[in-house]
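S.K.: Construct the complete structure from the given sequences, taking the supplied hints into account.
The chain contents come next:
Protein chains: 2
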Amino acid sequence: MSAALEPTVEGDCTFGTDEPFRLNSGAELQSGTLRYALYGELNETRDNALLVCHALSGSARVADWWPQLVGPGQPFDTNRYCVIGVNTIGSCYGSTGPLSENPQKPHEPYGSNFPLITINDIVRTQALLLDHLGIERLKAVIGGSIGGMQTLSWAVDFPERVERCIAIGAAPLSAMGLALNHLQRQAIRNDPNWREGHYPHDRQPVAGLALARAIALCTYKSSELFTERFARRPDRSGEDPNNSFAERYDIAGYLDYHGALFTKRFDANSYVLLSKAMDTFELGRGYGSENAALRRISAHLLLVGISSDWLFPASDVRGLAERALAAGVSAGYAELTSTHGHDGFLADADQLAPIVRTLLEEKEYPAFAQAGRG
Amino acid sequence: MSAALEPTVEGDCTFGTDEPFRLNSGAELQSGTLRYALYGELNETRDNALLVCHALSGSARVADWWPQLVGPGQPFDTNRYCVIGVNTIGSCYGSTGPLSENPQKPHEPYGSNFPLITINDIVRTQALLLDHLGIERLKAVIGGSIGGMQTLSWAVDFPERVERCIAIGAAPLSAMGLALNHLQRQAIRNDPNWREGHYPHDRQPVAGLALARAIALCTYKSSELFTERFARRPDRSGEDPNNSFAERYDIAGYLDYHGALFTKRFDANSYVLLSKAMDTFELGRGYGSENAALRRISAHLLLVGISSDWLFPASDVRGLAERALAAGVSAGYAELTSTHGHDGFLADADQLAPIVRTLLEEKEYPAFAQAGRG
Numbered sequence: 001m002s003a004a005l006e007p008t009v010e011g012d013c014t015f016g017t018d019e020p021f022r023l024n025s026g027a028e029l030q031s032g033t034l035r036y037a038l039y040g041e042l043n044e045t046r047d048n049a050l051l052v053c054h055a056l057s058g059s060a061r062v063a064d065w066w067p068q069l070v071g072p073g074q075p076f077d078t079n080r081y082c083v084i085g086v087n088t089i090g091s092c093y094g095s096t097g098p099l100s101e102n103p104q105k106p107h108e109p110y111g112s113n114f115p116l117i118t119i120n121d122i123v124r125t126q127a128l129l130l131d132h133l134g135i136e137r138l139k140a141v142i143g144g145s146i147g148g149m150q151t152l153s154w155a156v157d158f159p160e161r162v163e164r165c166i167a168i169g170a171a172p173l174s175a176m177g178l179a180l181n182h183l184q185r186q187a188i189r190n191d192p193n194w195r196e197g198h199y200p201h202d203r204q205p206v207a208g209l210a211l212a213r214a215i216a217l218c219t220y221k222s223s224e225l226f227t228e229r230f231a232r233r234p235d236r237s238g239e240d241p242n243n244s245f246a247e248r249y250d251i252a253g254y255l256d257y258h259g260a261l262f263t264k265r266f267d268a269n270s271y272v273l274l275s276k277a278m279d280t281f282e283l284g285r286g287y288g289s290e291n292a293a294l295r296r297i298s299a300h301l302l303l304v305g306i307s308s309d310w311l312f313p314a315s316d317v318r319g320l321a322e323r324a325l326a327a328g329v330s331a332g333y334a335e336l337t338s339t340h341g342h343d344g345f346l347a348d349a350d351q352l353a354p355i356v357r358t359l360l361e362e363k364e365y366p367a368f369a370q371a372g373r374g
Numbered sequence: 375m376s377a378a379l380e381p382t383v384e385g386d387c388t389f390g391t392d393e394p395f396r397l398n399s400g401a402e403l404q405s406g407t408l409r410y411a412l413y414g415e416l417n418e419t420r421d422n423a424l425l426v427c428h429a430l431s432g433s434a435r436v437a438d439w440w441p442q443l444v445g446p447g448q449p450f451d452t453n454r455y456c457v458i459g460v461n462t463i464g465s466c467y468g469s470t471g472p473l474s475e476n477p478q479k480p481h482e483p484y485g486s487n488f489p490l491i492t493i494n495d496i497v498r499t500q501a502l503l504l505d506h507l508g509i510e511r512l513k514a515v516i517g518g519s520i521g522g523m524q525t526l527s528w529a530v531d532f533p534e535r536v537e538r539c540i541a542i543g544a545a546p547l548s549a550m551g552l553a554l555n556h557l558q559r560q561a562i563r564n565d566p567n568w569r570e571g572h573y574p575h576d577r578q579p580v581a582g583l584a585l586a587r588a589i590a591l592c593t594y595k596s597s598e599l600f601t602e603r604f605a606r607r608p609d610r611s612g613e614d615p616n617n618s619f620a621e622r623y624d625i626a627g628y629l630d631y632h633g634a635l636f637t638k639r640f641d642a643n644s645y646v647l648l649s650k651a652m653d654t655f656e657l658g659r660g661y662g663s664e665n666a667a668l669r670r671i672s673a674h675l676l677l678v679g680i681s682s683d684w685l686f687p688a689s690d691v692r693g694l695a696e697r698a699l700a701a702g703v704s705a706g707y708a709e710l711t712s713t714h715g716h717d718g719f720l721a722d723a724d725q726l727a728p729i730v731r732t733l734l735e736e737k738e739y740p741a742f743a744q745a746g747r748g
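These protein sequence lines are chains A and H, in that order.
Mind the numbering: the first sequence is residues 1 to 374 in the numbering used here, read in order.
Mind the numbering: the second sequence is residues 375 to 748 in the numbering used here, read in order.
Derived by calculation from the structure, the hints in this document are not laboratory data.
Heads up, some of the hints might be wrong.
Listed next, the stretches of chain H that the computed footprint assigns to chain A, with coverage defined by at least 3 CB atoms under 8 Å from CB atoms of chain A [claimed, not checked]:
| id | stretch |
| --- | --- |
| 1 | 550-556 |
| 2 | 583-590 |
| 3 | 602-613 |
| 4 | 661-671 |
From the derived model, a few chain A residues whose C-beta atoms are all more than 12 Å from chain H [to be verified]:
| id | residue |
| --- | --- |
| 5 | A4 |
| 6 | V9 |
| 7 | P72 |
| 8 | E108 |
| 9 | P109 |
| 10 | H132 |
| 11 | K139 |
| 12 | F158 |
| 13 | E160 |
| 14 | K264 |
| 15 | R323 |
Here are a few chain A residues that sit away from chain H, every Cβ distance over 12 Å (derived from the structure) [said to hold, decoys possible]:
| id | residue |
| --- | --- |
| 16 | K105 |
| 17 | R137 |
| 18 | H201 |
Even glycine gets a Cβ: it sits at the ideal position worked out from N, Cα and C.
M.R.: As structure tokens, then:
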């Protein structure tokens, strides 16, 4: 595997402000930092920027997690566009979040005192970064999952600042999605090391966070993929599930392994916070109704459903595209055929490439109004 | 709601033996007790018995959990049949299980020293009870979920002792099913009160068991049902999920409530044990292959899939019916259209009634060989 594309500006960039930032909850962040990465160059008119929004556990390093899409000649063509990745506030990859110092308690991290955030909060901080970079209008915003929610929020909250939007595997969570997110947070809260979120940095609630991640992995993948990859085979290390309670099937070994691995790279408070932000995402908030929110959109909007996604069922994504179309939006729907479930937007990104390229390069979008019916 | 039908013999019956019982694992139970309930009377030739196998958290009291099917004039017509419910070994409703005294450690329960059991073990203890009752051959065995696994096991392991079998929402678990069961057991094991299964009877790992049950509830229901019942409504007690981490959506309140309720009526060791028995169920064990196992069946076999079941997808149940048919079994497939997911066999039992009645009353089964194609 080749090394990931490096950002144009070496290392990641940081944008900091001492201006207080008022969150939707009413709470204020006294100061804030956004970690971001730029790939390619901003042109003189600063109208060639693509904002790529990461998913729950992603980072500003877009080329690390979407290598099929970012680079010279790729759909996010770094010879033409300036691709911007921004770590969301609340995350643990460089932007202000629960691991940051709490200004009210010097030398202590916020931990679970970090206030509730919304998708709209995340997007408004990104807008501040664009102001700082002198970008008035984005050529496009693109993202999958919670990154897709940010994309939708951009379209609604800053209609004048975005030309095209592609949201993949994203819609307001259904009751089943809310249920599965809740169970993940419960898994973390049940861990005695959780301590209401006030754990020492080196004593995370690892068992709970690993279980949360394992539940999430089931929601990110599909039954079909698990059958294909693991079937009913015993754990590859030679365990025999018929022998003892501890011996596992291969799928269980996989979930345990990836659950444990995740705890080395992600913070439990960030997890709870971002999962909650996912839950509360609704387009209508602040606009009276979803329809009123959709009617604000002036961007060309493409929603992409993933055929085997059961966290964000393709039918939900398509339904949203149809409501957008009905609200007068230049909206389209495309479906990614993938056995990877919700994760298809990462695992089958090569299939996304032509879809993304079309939206970015076409001047007219005759296909999209039709795609919802396809 | 009217009171449940009472068993014919007042109270539940108990069958005890001091004969050691050798389990598939090689371990031996020194002695054993089976709690059972009889509805209706055995006829003189003792050939009118229906064995009804309960699901994971069920009991011998069949009429309590399948009231639509058991009673005078109902499909399990207690005027004609003697309906037998048997609490499975390993459960906590009267039969030998983790809460029973461990003969090796007088006055202490087995707890997690209770040995691994298999579906075949459960069925062989039921066969001992039938010997005791003088029943050579069952008119039928019926069950859903893990009760359906027992039904399938009856057909394969005791072909000469059963005339008709109806297994609903049952097949060997797929990788996703194995994953979801594993996560439930992990939720229990993560609870510090679990103590490797050696908890005092009054200090169960309630948080872990409640979470396990909440995960299970998601696997027993369907996304469609959750949307219909809960949508994105806030918790009915007046919580606002936008306000704080603790405030929930209604679906989360529902899962928490039913999770907690479950811990008052079920033992964590029994849960782990029976969930593991579900995992290891495969028809081929001991017979070389699934096909060899299926070829042993002489009963008329009806498999019923549930349209919205994602724990035991209807396609898996149908696939098993097709393999049985191909192996020469008088096998059929019917599909219960239900939005209740796996729980449909309980929640929509009134729709099961005509299916069950047909299998029990028809002399010939022309419909079933066709049903798999329907």
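S.K.: Give a verdict on every hint.
M.R.: Going through the hints against the structure:
Only residues whose C-beta sits within less than 8 Å of a C-beta in chain A count toward coverage, and the stretch 550-556 of chain H has 5 of them, enough to reach three; the restraint holds. Under a criterion of three residues with beta carbons nearer than 8 Å to beta carbons of chain A, the stated coverage of the stretch 583-590 of chain H is upheld, 3 such residues being counted. Coverage of a stretch by a chain is defined here by at least three residues with a beta carbon nearer than 8 Å to that chain's beta carbons; for the stretch 602-613 of chain H and chain A the count is 4, and the condition holds. By the rule of at least three residues with a Cβ nearer than 8 Å to a Cβ of chain A, the coverage given for the stretch 661-671 of chain H is violated, with 0 such residues.
The Cβ of A:A4 sits about 30 Å from the closest Cβ of chain H, beyond the 12 Å cut-off, so the non-interface label holds. For A:V9, the condition that its CB be more than 12 Å from all CB atoms of chain H holds, with the nearest at approximately 36 Å. Residue-level check passed: A:P72 sits 39 Å from the nearest beta carbon of chain H, beyond 12 Å. With a closest Cβ-Cβ approach of about 19 Å to chain H, A:E108 is found to remain outside the 12 Å limit, as its non-interface label requires.
Against the 12 Å criterion, A:P109 stays outside the reach of chain H, whose nearest CB is about 17 Å from its own CB. Distance check for A:H132 against chain H: the nearest CB is about 29 Å away, which clears 12 Å, and the non-interface claim stands. Every Cβ of chain H is farther than 12 Å from the Cβ of A:K139; the closest lies at roughly 32 Å, confirming the non-interface assignment. At roughly 21 Å, the least C-beta separation between A:F158 and chain H is larger than 12 Å, which holds for a residue marked as non-interface.
Residue-level check passed: A:E160 sits 26 Å from the nearest beta carbon of chain H, beyond 12 Å. Listed as a non-interface residue, A:K264 keeps its Cβ farther than 12 Å from every Cβ of chain H; the least gap is roughly 18 Å. No beta-carbon of chain H is positioned within 12 Å of the beta-carbon of A:R323; the least distance is around 15 Å. At roughly 19 Å, the least C-beta separation between A:K105 and chain H is larger than 12 Å, which holds for a residue marked as non-interface.
For A:R137, the shortest C-beta to C-beta distance to chain H comes to about 30 Å, beyond the 12 Å cut-off, and the non-interface label holds. The Cβ of A:H201 lies farther than 12 Å from every Cβ of chain H, with a closest approach of about 20 Å, so its non-interface assignment holds.
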